[in-house]
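Q: Spelled out, the chains give:
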Amino acid sequence: MALAPVTAILTPRKQEATEARLAAMTMPAGGWSDAARQDAVARVRAMGLPGARDEYWKYTKPEGFVDVQAQAAAVFQSDEAPMFDELDRLKIVFVDGVFDADASDDLALEGVSIDRLAEAADIHWAKDLYGVLEERGQDPVQRPLASLNTAYATDGILIHVTGKPSKPINLIYRHASEQSDAILHHVIKVDAGAEATILENGPAASRFNKCMEVDVADTGRLHHVRAQGRDHERRAITHIFARLGTESTFKSFTLTVNGVMTRNECVLELTGDDAEAHVAGACMGDGNFHHDDTVFVTHDAVNCESRQVFKKVLRNGATGVFQGKILVKEGAQKTDGYQISQSLLLDDDSQFLAKPELEIYADDVACSHGSTSGAIDEDGLFYLRARGVPRGMAEDLMTIAFIAEAVQEIENEDIQEQINNRVAGWLERRRG
Amino acid sequence: MLEIKNLHVKLEEEDKVILKGVDLTVESGKVHAIMGPNGSGKSTLSYVLSGKDGYEVTDGEASLLGEDILEMEPEERAAAGLFLAFQYPVEIPGVGNMTFLRTAVNAQRKARGQEEMNATEFLKEVRARAKDLKIDADMLKRPVNVGFSGGEKKRNEILQMAMLEPKMCILDETDSGLDVDAMKLVAEGVNALRDEGRGFLVITHYQRLLDHIKPDVVHIMANGRIVKTGGPELALEVENNGYADILAEVA
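If you read the sequences in order, they're chains A and B.
All residue numbers for the first sequence refer to the UniProt record's numbering, where the first residue is 1 and numbers rise by one.
All residue numbers for the second sequence refer to the UniProt record's numbering, where the first residue is 1 and numbers rise by one.
These are calculated hints, taken from the structure and not from any lab test.
Any given hint could be a false lead.
[Unchecked claim] What follows is a set of in silico ranges between Cβ atoms, one per label pair, in the way DEER data are often shown:
no.: 1; chain 1: A; residue 1: S368; chain 2: B; residue 2: E73; range: 32 to 42 Å
no.: 2; chain 1: A; residue 1: L353; chain 2: B; residue 2: V250; range: 56 to 66 Å
no.: 3; chain 1: A; residue 1: K164; chain 2: B; residue 2: D181; range: 47 to 57 Å
[Unchecked claim] If you want a taste of the chain B side facing chain A, the calculated C-beta under 8 Å gives, among others:
no.: 4; residue: S50
no.: 5; residue: E73
no.: 6; residue: L84
no.: 7; residue: T103
The beta-carbon is built from N, C-alpha and C at its ideal position, and this holds for glycine as well.
Chain B with its partners taken away, still in its complex shape (with noise of 0.2 Å):
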């Protein structure tokens, strides 16, 4: 599904590099999650590979479904099947969350050659998404994110998300700002769209996010590699003894 390999990227307006050669690649169906102290490039990587602007790559590649994804635009690579769960939804306000949602799945379906969606086949399938993930209407009339809580803004992503049904999703931090039931929610929503057909990239700093969307592979990120890779028990073992151990016996 999402294939990196020796990718290395560089901020672009100052000389500084932070991913130094990442391979990493997630499995159609699998649920791949990167751990890693501040500062060791797992929010980098997700920019990278969703096409924000201030990132040079250097070196290496990056493809979905055996696609070159690093030189197409941020919406080729949306129309692709690539999604990124932002760690800070950003708010737009003026924009209906609805003309917005209405505007991205039609825009995807165009980008495909697929016939756009009508505005009462959209009502439909947002409402029995949004009950899903327990945004009622008003959020759903609100300018996006505007005044929207952290756990608010964390549901519309995955809203987002379920509307979009994008082939590969990479999540990151998204339980960032989540008190239990609002992660709970968020990942049930997530687990919600796990599908032979779809591969996920959890990003996260604890393991707690991972007690509920359960992980094939945890892959431990240190200053701009993937340091160490194993299963679900990895993450066990950075909840209970830090990252200091696995630096150490890395380096």
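Chain A with its partners taken away, still in its complex shape (with noise of 0.2 Å):
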């Protein structure tokens, strides 16, 4: 099987950038995950790290997550509640990526076993998974910056999910330091039969990357949804490796609003039969907001679904991106592959680059794909305020009727209101 390659050459400039970073860097003792950390900065010298020129960076500039520095972030000053503050939960809390063990729950809960990774003892589950999925979604396309995750993150929680716990697991972030620059890696193991619904909220360093590693086994369920906070000038990169087992589930949902560089790379592997992997993301952003999704979806297994619903509110000059590539190994039949990206753009200077991808190697597949970039309907303007709705506020109507089919991808209803009232305080604000 010929996959159409992507390039990315590791030319001296890179090499010399790579080193530079690595040299700044200091890897934490890890114990049972050292090997895996030691094979994924191999990995990052053999790749090097993202450049301008690598085509899968082609519409975003990878230098603010590569550059040794990471540029400084102001801290979001607001008086709106932080998501999620209604919802009975586990909390774990980091700040600028360091636990904060009194803000946090105790990490105890049943139906699940939760450690950190910085203090996770020396023979443990995850020795399995730290680094291996990663490693994985390395093929056919490279991530560096998330063998670069493996290799230093100083922490990250470990999830493995023996049953269906009663409350959702909440991981929050906050973001205290103006010059912050955090690594955490997660790893999520999710058994036969259980089922446990992740969320991540805030913005959690001036500069972010984080890893998540996912193995859903088979019959087993997971749901994540996640708000990224809303600091104007952090950067994000993040990565979600999951894999799926026969019959499983897999749903992720991420909000974005502001951010100056966020990129969220997520890349699911269907392996068992039956298995159903959704991933949606709605991002909301004006003025130097550049916000990128990139999604690699691999079906290697008989009567999968996969779905894509990413829509885009961009505004002032706002940037959005989408590569999103659905893949169907040979003789994965009566696969069922959904992809859509859509931007609404609020005005002229803003601009939508949207990159989506089919490679099928079997020949019972349904597999579709849209991309739209458009305005307001003027139409359906008029019909609102016809019947006594102001401009504005028909406009946020219209704006939040944009995103729903996204939203519309979280089971739980509770948190679809609580992500659609975070975009009509985002739209009204703007409306002065």
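Please assemble the complex out of the two chains, which come individually in their own frames, going by the hints.
A: So, in structure tokens, the structure goes:
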């Protein structure tokens, strides 16, 4: 099987930048994860950190994630309550990437075992996964910033879901220092028949590199909802590597508001028959906001379903990027793949760059993809106004309606509502 | 109630004059009908009155309860009591019908300085009104007009009218795309709202709607003007003889 190559050449310049970055970093003593970290750093050296000429980085400048020094980012002040505050959940708090025990709940919940990467005992279940799924995700496209993460992550949460915990586990990120540079690596293992919800919210740091490896066993279910923090100048590169077994489910939704530079990569691998993977995102940005969703879904089993639903609301010169691929391997018959990426451009200055891709090596599959860019529908707007809804409010309603398809990918309706309220607040503030 | 004087309208984008001096007064408590051949300007009149973009008023005036409406935004006209039942109700994916209705009702109330309707009150009201129009809970939950049949869309328009309680209702070809039963249902909904304090302007091609919504006055519109005005018998004349005779007569 010949996969389309994605070119990334290790130029001397990239090599130099990579060595400079590595020289400035300290690898934490990881005990059981040491070997994986050594392997990861070797991968970083072999690939080199991304350069501006790499095809995979054509629409998003990697420098901000590669540079030795993280750029400063002001801390966003708001009296709006943080996301998920009203939910009953188990809280795990990181401040600038450092675990905050006082602000966190006890890491104990029935149906799940939770450890910190920095503290886990020497023989640990996560050994079979840490860096393993990340390494699998390096082919056929290189993702060196994820290997960098595996090598240098200072902490993270290791969640082993053995049952059905009664409440969600909420990873809460707080940004306190303008100069913070955080690397966290989470590993989640969902056993057969087990089911859990992971929530993430808040701006983690001025610069954040986060990696999440997810292994869902046969018939397991994992729900993931995150709201990336609103700090305008923050930068984030995040990776999700998920592997799905037979009849398992993984659903992930991300809301991004603000942030000068965000790239969320999601690499999903459907390895068992009848598995289901949904990944969705909505983002709202203005001005120098740059947001990149890069998704790679591999179907390697029969009768699996995957959905990618991405909506971007852009104004005042903001940029949105979508690179999404569905790869259907030989034998992955009855694949049902869906991919949609759309942007709502609220003015002429904003732009949306989309690269939807399908690569199919099976002959009995249904894959659809679509990508659009447009302004608010004038007919809908007039209809609302003719019923007495003021222009601004009508525009907001139309905007929330635009992202609805993505938000509805979240199964929990209370969480859907919280996301919509957050978006409504963002829009309202911009109307003044 | 609604007073239109010498209204001249052209398209903004091209040099095409559509209304060439419309004079029309709808009194409170009355139902006026406008009939006319295709392209006579009937729908344009309804759009201009409700404030749709793309039209330029070059002369004349229009007022609702003595207030000039032509300078108002569409939402201000709505709050002042004007309602247009659309010929083609717009689908808005992602906005729930209920949310839409409640937002509209409360926006108008707010604009008029009235207290907003709370959720319980609103739900009770909307359920009662919907029942009369045979609109079920599922239709209320679904996104505005999305996946609605022609009849469902028109019933949804009347539901909005019932909830918003406007002073002046303009119905733009509300009968188009309706079968006989659906037309009766819609007409009943309209008739239930007939009231001393409310005026209606019913735009239609066919007399049959007027069998169900009995007009007090019938106008014939042709080539951007009202060319003839009479009683309900005028509609029957059109039904029997077409527009040709009337147009020849006024030419």
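Q: Taking the hints in turn, state whether each one holds.
A: Hint-by-hint comparison with the structure:
no.	hint	result
1	A:S368 to B:E73: 32 to 42 Å	40 Å, holds
2	A:L353 to B:V250: 56 to 66 Å	60 Å, holds
3	A:K164 to B:D181: 47 to 57 Å	50 Å, holds
4	S50	5 Å, holds
5	E73	7 Å, holds
6	L84	6 Å, holds
7	T103	6 Å, holds
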